[in-house]
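Going by full-length UniProt numbering, the sequence shown opens with residue 1, and the numbers climb by one from there.
Hints are computed from structural coordinates only; laboratory data are not their basis. Please note that a few of the clues may not be correct.
Claimed, not checked - Here are the computed distance ranges between Cβ atoms for each label pair:
(1) S33 x H6: 38 to 48 angstroms
(2) E21 x E71: 25 to 35 angstroms
(3) K53 x L16: 15 to 25 angstroms
(4) T14 x L37: 36 to 46 angstroms
(5) D59 x E21: 19 to 29 angstroms
(6) F25 x Q68: 18 to 28 angstroms
(7) L23 x R81: 34 to 44 angstroms
(8) D54 x T14: 31 to 41 angstroms
(9) F25 x D59: 32 to 42 angstroms
Claimed, not checked - In silico DSBU-like cross-links for lysine-lysine, where the CA-CA straight-line distance does not exceed 35 angstroms:
(10) K3 x K20
(11) K40 x K13
(12) K20 x K78
(13) K13 x K3
(14) K53 x K40
(15) K3 x K78
Every residue gets a Cβ at the ideal spot worked out from N, C-alpha and C, and that includes glycine.
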Amino acid sequence: LAKLRHPRLLEIKTPLEETKESLMFVTEVVVASVANLTGKYDNILGGLPRALKDFSLTDVDRQLGLLQVAEGLNFLHKSARLLHG
């Protein structure tokens with residue numbers, strides 16, 4: 001994972017570490033999930049981050065987001081030759 005580089009993929013800062021109970025790696029900072037950006041905040045601990053207060057997505061934002069996900073999946077499938085389901 002750490003070797004995959006594409007503008008639509010999270011940058012891996014620290015490679016994968018595996019224990020019996022978990023898999024761990026460190027990525028670039030992520031302030032919210034797609035669920036959070038669509039108004040679902042039940043998984044946020046410690047209160048709503050400032051970046052999400054009064055945040056809303058326009059239809060164009062949603063379309064661009066879907067395009068970016070498709071670009072990332074296309075890279076993984078065609079260039080990195082990884083399968084996804």
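Hint-by-hint comparison with the structure:
Checking the proposed 38 to 48 angstroms range against S33 and H6 shows it is violated: the Cβ atoms sit about 19 angstroms from each other. A beta carbon spacing of about 34 angstroms between E21 and E71 agrees with the range 25 to 35 angstroms that was offered as a hint. Look at K53 against L16: about 34 angstroms separates their beta carbons, and that is not inside 15 to 25 angstroms. The hint said 36 to 46 angstroms for the Cβ distance between T14 and L37, and at roughly 25 angstroms that hint is violated.
Checked against the hint of 19 to 29 angstroms, the pair D59 and E21 fails, with Cβ atoms roughly 42 angstroms apart. F25 and Q68 have their C-beta atoms about 21 angstroms apart, which keeps the hinted 18 to 28 angstroms range intact. Checking the proposed 34 to 44 angstroms range against L23 and R81 shows it is violated: the Cβ atoms sit about 22 angstroms from each other. One distance hint, 31 to 41 angstroms for the beta-carbon pair D54 and T14, holds here, with the actual separation near 33 angstroms.
Checked against the given bound of 32 to 42 angstroms, the beta carbons of F25 and D59, roughly 34 angstroms apart, stay inside it. Of the pairs offered as hints, the one joining K3 and K20 holds, with about 24 angstroms between alpha carbons and a cut-off of 35 angstroms not exceeded. Using a Cα cut-off of 35 angstroms, the hinted pair K40 and K13 holds, with the two alpha carbons roughly 27 angstroms apart. Distance restraint check for K20 and K78: the Cα-Cα separation of roughly 32 angstroms lies within the 35 angstroms cut-off, and the hinted pair is therefore satisfied.
Straight-line distance between C-alpha atoms of K13 and K3 comes to about 10 angstroms, which keeps the hinted pair within the 35 angstroms bound. Taking the CA atoms of K53 and K40, the gap is about 12 angstroms. The hint holds against a cut of 35 angstroms. Annotation: proposed proximity of K3 to K78 holds, straight-line Cα distance about 16 angstroms (limit 35 angstroms).
Hint violations for this structure: numbers 1, 3, 4, 5, 7, all remaining hints satisfied.
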